[in-house]
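Participant: Sequence:
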Amino acid sequence: MSQPSFSYQTRPAIIQTLKNEYYDVIIIGGGITGAGIALDAATRGLKVALLEKKDFASGTSSKSTKLIHGGLRYLKQFEFSLVREVGKERSILHELATHLVRPEKMLLPLIKDGNYGKIITSVGLMVYDVLAGVEEEDQRKMLTVGETMKSEPLLDKRIIEGGGLYAEYQTDDFRLVTELIKTSADYGAQVLNYVMCTDLLAKGGKVCGVACHDEESGEDFKIYGDYVVNATGPWVDQVRKLNKKVKETKLHLTKGIHIVVPFDKLPVKQSVYFDVADGRMIFAIPKNEITYVGTTDTNYKGNPHDAATDKKDVDYLIKAVNDAFPSIELQIGDILSSWAGVRPLIQDEGKSASEISRKDEIFISDRGLISIAGGKLTGYRKMAKRTVDLVLEMKSSRSGITKKTKSKTKKIKFNGNSFKNAKAIANYKTKLLKDNPTFTKQQMRYLVDTYGDQAAIILSFADQLPGKNQETKLLKAELRFCIEREMVMHLTDFFIHRTGRLFFDIQSVKDHLTLVATDMKHWLDWDTEQMEVEISKMKEEIKKATTFK
Numbered sequence: 001m002s003q004p005s006f007s008y009q010t011r012p013a014i015i016q017t018l019k020n021e022y023y024d025v026i027i028i029g030g031g032i033t034g035a036g037i038a039l040d041a042a043t044r045g046l047k048v049a050l051l052e053k054k055d056f057a058s059g060t061s062s063k064s065t066k067l068i069h070g071g072l073r074y075l076k077q078f079e080f081s082l083v084r085e086v087g088k089e090r091s092i093l094h095e096l097a098t099h100l101v102r103p104e105k106m107l108l109p110l111i112k113d114g115n116y117g118k119i120i121t122s123v124g125l126m127v128y129d130v131l132a133g134v135e136e137e138d139q140r141k142m143l144t145v146g147e148t149m150k151s152e153p154l155l156d157k158r159i160i161e162g163g164g165l166y167a168e169y170q171t172d173d174f175r176l177v178t179e180l181i182k183t184s185a186d187y188g189a190q191v192l193n194y195v196m197c198t199d200l201l202a203k204g205g206k207v208c209g210v211a212c213h214d215e216e217s218g219e220d221f222k223i224y225g226d227y228v229v230n231a232t233g234p235w236v237d238q239v240r241k242l243n244k245k246v247k248e249t250k251l252h253l254t255k256g257i258h259i260v261v262p263f264d265k266l267p268v269k270q271s272v273y274f275d276v277a278d279g280r281m282i283f284a285i286p287k288n289e290i291t292y293v294g295t296t297d298t299n300y301k302g303n304p305h306d307a308a309t310d311k312k313d314v315d316y317l318i319k320a321v322n323d324a325f326p327s328i329e330l331q332i333g334d335i336l337s338s339w340a341g342v343r344p345l346i347q348d349e350g351k352s353a354s355e356i357s358r359k360d361e362i363f364i365s366d367r368g369l370i371s372i373a374g375g376k377l378t379g380y381r382k383m384a385k386r387t388v389d390l391v392l393e394m395k396s397s398r399s400g401i402t403k404k405t406k407s408k409t410k411k412i413k414f415n416g417n418s419f420k421n422a423k424a425i426a427n428y429k430t431k432l433l434k435d436n437p438t439f440t441k442q443q444m445r446y447l448v449d450t451y452g453d454q455a456a457i458i459l460s461f462a463d464q465l466p467g468k469n470q471e472t473k474l475l476k477a478e479l480r481f482c483i484e485r486e487m488v489m490h491l492t493d494f495f496i497h498r499t500g501r502l503f504f505d506i507q508s509v510k511d512h513l514t515l516v517a518t519d520m521k522h523w524l525d526w527d528t529e530q531m532e533v534e535i536s537k538m539k540e541e542i543k544k545a546t547t548f549k
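Position 168, counted from 1, in the sequence shown is what the working numbering calls 168; the numbers after and before it change by one each time, with no gaps.
What the hints contain is simulated information worked out from the structure, not anything from laboratory work. Any given hint could be a false lead.
Okay, the calculated beta carbon distance ranges per label pair [as the list claims (entries may be wrong)]:
no., residue 1, residue 2, range
1, 421, 238, 18 to 26 Å
2, 431, 16, 37 to 45 Å
3, 201, 510, 15 to 23 Å
4, 201, 262, 47 to 55 Å
5, 537, 465, 20 to 28 Å
6, 541, 421, 30 to 38 Å
7, 81, 541, 36 to 44 Å
8, 421, 220, 43 to 51 Å
9, 440, 201, 52 to 60 Å
10, 130, 510, 25 to 33 Å
We put the CB at the ideal spot given by N, CA and C, even for glycine.
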């Protein structure tokens, strides 16, 4: 096997480097916020370390609605500058990760006494197109009742008063984080998953590093640096309280869940953003063979890792679907999978879960710990920029890096993205299919949409395998790629945070669990007992995604 570039084999060397080097910035948290900060800092020339206590994107950053929003909802609050900012960010992200941030049509049905009336929707979507910089072919189109029903026949014609068709962008949030992490590592950041920050180190009353525990080797070690950034999402307050004197709470946690049903059970013709009786709005989003629906928004008090889909959540979404699409008659037995995530919102007394602002905030403790919380997936790059700007303002000049050193991430494409536009991606899929005729069009679509031009590496791995079962060969090749190049350490890493199979193709997880576990036993040198533990943990995740109490 060739020397892997970002894998379990590199862990000892990374840990040794972390122990021996002194860093400009140490980031705690391997979700979208931490990954974005790592890339921004590393590309400005700073020495960066990033630690994640579980797997990358294992928290909130793999539990979103998987949309890069243009900020339509902010128009109702007249937050025009926010719409402009997130719209521009969406366009930038589409260029940076063209294969991962894909334009999709979104239907907004207008109903009597609904959230959006005809006039406000028409004007609002027009303003949205201008502020968000929407390309001409994707700009809004207002629909009559007949056109709306033709666009989505499943809607309840009795209450439809028209509709608006506009542009949103679909993504795989866990893949965005993975490619950000890999790209930051390419620029010199030292990055590790499964490393717990157990304490904050201080010198002269100021935070100067972190004490760590490597969950894989059991080794304890320390990392020193000028600044520590706490980007742990729902765990921000827990890390802040390692700061000894910090007692107040900054976060208000809310839970959002999504359910997954077979596409045949909810065969919407495009994504739909529809009203719910309580005044909220819900998405129904088709993706290959499934449709997923969400999200809820309820207060949450427990451990974010324990957030789960409960029956009350499910009943709420089922009722929402059946009210909007009366012929569907969705039932709890139709649900294939689900996910639950916790939003780290900034505390705002007196407001309900849905009313609290999604804006981000940076706060600095008396001892110099920098914490960032709040925000949305779409705004991660701007959040990262503001955080690194702050670090450079606080930091003395070194090696020509000053507060005037500008962010470069607006131009840095993610790993896997050599594409100019959607047409280039379509041509690449066609070429791969022509060069690999034994694989299906669906398999090529999955590979390219997930890995971009890295799909060619996975196919080359598959070519090296014996046998005629192309599905098995492709799965084994994909696993090898994720182990060698994406720091996969556990079954959950592969099935959830690299491929999303638990969410979008749970049957493949059930069908191939033993096969993948056996291969990982070989690659990672597990003994039989460890393999059984891994299988048991993955089965628990399946149960969590499919059992509602």
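Participant: Has the hinted range 52 to 60 Å been met by the Cβ atoms of residue 440 and residue 201?
Facilitator: Roughly 53 Å apart at Cβ, these two residues keep to the hinted range, so it holds.
Participant: Taking the CB of residue 421 and the CB of residue 220, does the distance hold inside 43 to 51 Å?
Facilitator: The hinted range 43 to 51 Å holds for residue 421 and residue 220, with Cβ atoms some 49 Å apart.
Participant: Would you say the C-beta atoms of residue 421 and residue 238 sit inside 18 to 26 Å of each other?
Facilitator: violated (43 Å)
Participant: Looking only at beta-carbon atoms, does the pair residue 537, residue 465 fall within the given range of 20 to 28 Å?
Facilitator: holds (27 Å)
Participant: Quick check on a hinted range of 15 to 23 Å for residue 201 and residue 510, using CB atoms only.
Facilitator: violated (45 Å)
Participant: May I ask you to test the hint 25 to 33 Å on the CB atoms belonging to residue 130 and residue 510?
Facilitator: Taking Cβ atoms as reference, residue 130 and residue 510 lie about 48 Å apart, which means the hint is violated.
Participant: Between residue 431 and residue 16, does the C-beta distance stay in 37 to 45 Å?
Facilitator: Holds: the Cβ-Cβ distance is about 42 Å, inside 37 to 45 Å.
Participant: Given a hint of 47 to 55 Å, does the C-beta separation of residue 201 and residue 262 actually sit inside it?
Facilitator: holds (51 Å)
Participant: Taking the CB of residue 541 and the CB of residue 421, does the distance hold inside 30 to 38 Å?
Facilitator: holds (36 Å)
Participant: Are residue 81 and residue 541 spaced within 36 to 44 Å by their CB atoms?
Facilitator: holds (41 Å)
Hint check: violations occur at hints 1, 3, 10; the rest are consistent with the structure.
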